[in-house]
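So the protein sequences, as listed, match chains G and P.
Each step along the first sequence adds one to the number in the numbering used here, with nothing skipped, and position 42 is 42.
Each step along the second sequence adds one to the number in the numbering used here, with nothing skipped, and position 326 is 326.
Wrong hints could be hidden among the right ones.
The list that follows gives simulated cross-link-like pairs (lysine to aspartate or glutamate, DMTMM-like), each with its CA atoms no further than 25 Å apart [as the list claims (entries may be wrong)]:
1) G/K352 <-> P/D296
2) G/K351 <-> P/D288
3) G/K352 <-> P/D287
4) G/K352 <-> P/D288
5) G/K351 <-> G/E162
What the simulated footprint calls covered on chain G by chain P, stretch by stretch (three residues with Cβ under 8 Å from a Cβ of chain P suffice, anywhere in the stretch; the number is not a length) [said to hold, decoys possible]:
6) 43-56
7) 313-322
8) 341-348
Quick caveat, the hints were computed from the structure, so don't treat them as lab data.
Even glycine gets a Cβ: it sits at the ideal position worked out from N, Cα and C.
2 protein chains.
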Amino acid sequence: MSEIPMYAVIMAGGRGTRFWPRSRKTEPKQLLDILSDRTMIQETFDRVHVCVPVERILIVTTREQAPRIREQMPQVPVDNIISEPFGRNTAACICLAAGRIQREDPDACMWVLPADHCIADPDRFRTIVGQAADVAVSTNELVTIGIVPRGPETGYGYIMCEPAQPGSRACRVRQFHEKPEREQALRYIASGDCLWNSGIFVWKASAILREIKNHVPDIYATLLPVADAWGTVCFEDEIERAYASVRSIAIDSGVLEKSAYVLAIRGDFGWSDVGSWSAVYDIATGDDNHNVLRGDVYTADSRGCLVHATGKTVAVVGLDDVVIVETADALLVCRRDRSQDVRAIVEQLEKKGRTELL
Amino acid sequence: MSEIPMYAVIMAGGRGTRFWPRSRKTEPKQLLDILSDRTMIQETFDRVHVCVPVERILIVTTREQAPRIREQMPQVPVDNIISEPFGRNTAACICLAAGRIQREDPDACMWVLPADHCIADPDRFRTIVGQAADVAVSTNELVTIGIVPRGPETGYGYIMCEPAQPGSRACRVRQFHEKPEREQALRYIASGDCLWNSGIFVWKASAILREIKNHVPDIYATLLPVADAWGTVCFEDEIERAYASVRSIAIDSGVLEKSAYVLAIRGDFGWSDVGSWSAVYDIATGDDNHNVLRGDVYTADSRGCLVHATGKTVAVVGLDDVVIVETADALLVCRRDRSQDVRAIVEQLEKKGRTELL
Numbered sequence: 001m002s003e004i005p006m007y008a009v010i011m012a013g014g015r016g017t018r019f020w021p022r023s024r025k026t027e028p029k030q031l032l033d034i035l036s037d038r039t040m041i042q043e044t045f046d047r048v049h050v051c052v053p054v055e056r057i058l059i060v061t062t063r064e065q066a067p068r069i070r071e072q073m074p075q076v077p078v079d080n081i082i083s084e085p086f087g088r089n090t091a092a093c094i095c096l097a098a099g100r101i102q103r104e105d106p107d108a109c110m111w112v113l114p115a116d117h118c119i120a121d122p123d124r125f126r127t128i129v130g131q132a133a134d135v136a137v138s139t140n141e142l143v144t145i146g147i148v149p150r151g152p153e154t155g156y157g158y159i160m161c162e163p164a165q166p167g168s169r170a171c172r173v174r175q176f177h178e179k180p181e182r183e184q185a186l187r188y189i190a191s192g193d194c195l196w197n198s199g200i201f202v203w204k205a206s207a208i209l210r211e212i213k214n215h216v217p218d219i220y221a222t223l224l225p226v227a228d229a230w231g232t233v234c235f236e237d238e239i240e241r242a243y244a245s246v247r248s249i250a251i252d253s254g255v256l257e258k259s260a261y262v263l264a265i266r267g268d269f270g271w272s273d274v275g276s277w278s279a280v281y282d283i284a285t286g287d288d289n290h291n292v293l294r295g296d297v298y299t300a301d302s303r304g305c306l307v308h309a310t311g312k313t314v315a316v317v318g319l320d321d322v323v324i325v326e327t328a329d330a331l332l333v334c335r336r337d338r339s340q341d342v343r344a345i346v347e348q349l350e351k352k353g354r355t356e357l358l
Numbered sequence: 001m002s003e004i005p006m007y008a009v010i011m012a013g014g015r016g017t018r019f020w021p022r023s024r025k026t027e028p029k030q031l032l033d034i035l036s037d038r039t040m041i042q043e044t045f046d047r048v049h050v051c052v053p054v055e056r057i058l059i060v061t062t063r064e065q066a067p068r069i070r071e072q073m074p075q076v077p078v079d080n081i082i083s084e085p086f087g088r089n090t091a092a093c094i095c096l097a098a099g100r101i102q103r104e105d106p107d108a109c110m111w112v113l114p115a116d117h118c119i120a121d122p123d124r125f126r127t128i129v130g131q132a133a134d135v136a137v138s139t140n141e142l143v144t145i146g147i148v149p150r151g152p153e154t155g156y157g158y159i160m161c162e163p164a165q166p167g168s169r170a171c172r173v174r175q176f177h178e179k180p181e182r183e184q185a186l187r188y189i190a191s192g193d194c195l196w197n198s199g200i201f202v203w204k205a206s207a208i209l210r211e212i213k214n215h216v217p218d219i220y221a222t223l224l225p226v227a228d229a230w231g232t233v234c235f236e237d238e239i240e241r242a243y244a245s246v247r248s249i250a251i252d253s254g255v256l257e258k259s260a261y262v263l264a265i266r267g268d269f270g271w272s273d274v275g276s277w278s279a280v281y282d283i284a285t286g287d288d289n290h291n292v293l294r295g296d297v298y299t300a301d302s303r304g305c306l307v308h309a310t311g312k313t314v315a316v317v318g319l320d321d322v323v324i325v326e327t328a329d330a331l332l333v334c335r336r337d338r339s340q341d342v343r344a345i346v347e348q349l350e351k352k353g354r355t356e357l358l
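Bound-form chain G, shown alone (with noise of 0.2 Å):
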């Protein structure tokens, strides 16, 4: 790796509802323990921790979750949880985090990554962050890691590579196509040059500020003076009136799909977004029947379940392919390739003004 000091920016400000009725609006993704006994965001902590000293891991959250992210994470610094007023999506996160480190250390590599993704491999991951972090301090370009797709979805960005420079895993991005229909999708898997864009980067602070600058100048001259009021009286200040105004956009839409400068790395470290409950049954290891079952579970003639119980004796009779979870206060029983649906009970909870339960 880059004799240059890395710095971890590990981005915790998502929320989302696929995960009722274990996340709710003051617990989303990371702050479960879905996929081990370890909350995501402890887990990818974990990951960034072997090769990246806590002093240089920043986090970035909303003021809602500030509060649980402080408690899960006692090993972290106050000082580098940062809390948005309100999340104010990728840019404007990313944009403030850089404008710190560069503060601290102009010179300084950033690796940028969502807090509730699941790596297989996190050795393999440290290896390619490493190698990406070699390119963008050489190059001084903005690296994406990038996933071989494992079929046509249509939830993902696709980007479409330059074939790789000899000798180099990197390539030059040609295009980002953010969601595209299926059957663009498959046109792309199959010119063999096309990665999924896993919101994973590495790129100098000075490198993405630069780019920040010039595509999206409104972000960098509201929240660069954020940066510098850091540790100072005035920062609280800064920071309402900043994100009062600050415009909300992806870095992917807002600067990388717009930069010359942009390279992609592939990752091949057993990479999940963890979309929903049927992708924690994908990643989990079943038992004799295939079946993922946390907590006390019976099971009789059933195969393919996700079953996550947390107080009561779930029993689970002749049924194929679905997922069970209780909470303390709310069950979901949900076909398993349906579970991206949970969020029609949650529109319909919202609705009936039953806030208790979101």
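Following the hints, put chain P in place on chain G, whose structure we already have.
Structure of chain P alone, referenced to chain G:
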């Protein structure tokens, strides 16, 4: 209805695991409000009480269940609730009740019925019982109420009858066959003169005692002294001693299958013995999606489900024909047409010594 006083004997000793997790050892089906907001025994009492005064309604149960029955039936004189030390099947239960009734009124007619059946048309039910009583009194025979088979179910007793007498609904019983094979059941149904045994009987107390004495004289000899000791200080000792030794046999196999004096009358009043959660679904009226929902339940793209929630909010997504039953400590999720296999779970719980769930 005949002028002879009618007594009703509600048999409430049944146990059973088919309604787990609602049914438990101390909370069997008849004590559960699974069909309405009244429990099954309360509904049975209500049905009977329309035409039988409470003083002539006896409930026979086990010592274990008696406290709950007294709780649920405060209007029934405590003296009318007969507690067997433990269940000894229906011959003993009916012999004891008949002995007691005969002491009170040697001419009395006796309507015997289980506490845990569902009757869709109670008016019609009472009309048929009245006709049965007329036949029982005029013939001094045993009258069983039969149900026109709805299919070749193998879980019922079948009654083969002679053709009915002109001008009478009653017909002589030729043969009983408990739980025939499916092929045999089909043949019985094809013959046209067959009924299911409902376990509901009407006879004079003196007639059933005569037949008990003939066919199971040991039971008669053991239990008549108990009935005679009713109300004396010896009663508890007598019943304890009698039940320690009395034979456990059903009235059907012990008496009805052997007696030459058995008539059947066809009961067309929407009968169900409510044998499983699936039967609860069949009896209930569903919503537009044919879902039968009780409690705080939300559904999305789901049909044919039975959900009984007692505490939590339950969400069902993308599932057809599933039974979901939630209690304070357990949850059942079961394919609807497999609901009789709940016993497989109960067996697992027994093996694991989970008595708190049984």
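Each hint tested on the structure:
1. The hinted pair formed by G/K352 and P/D296 meets the criterion: a straight-line CA distance of about 12 Å does not exceed 25 Å.
2. At roughly 20 Å between alpha-carbon atoms, G/K351 and P/D288 fall within 25 Å of each other, so this suggested pair holds.
3. Of the supplied pair hints, the one linking G/K352 and P/D287 holds, its CA atoms being roughly 19 Å apart against a limit of 25 Å.
4. Between G/K352 and P/D288 the CA atoms are separated by roughly 20 Å; this keeps the pair inside 25 Å, and the hint holds.
5. The straight-line distance between the Cα atoms of G/K351 and G/E162 is roughly 48 Å, outside the 25 Å bound, and the hint therefore fails.
6. Counting residues of the stretch 43-56 of chain G whose CB falls under 8 Å from any CB of chain P gives 0; the rule of at least 3 is not met.
7. By the rule of at least three residues with a Cβ nearer than 8 Å to a Cβ of chain P, the coverage given for the stretch 313-322 of chain G holds, with 8 such residues.
8. Counting residues of the stretch 341-348 of chain G whose C-beta lies closer than 8 Å to any C-beta of chain P gives 5; at least three are required, and the coverage claim holds.
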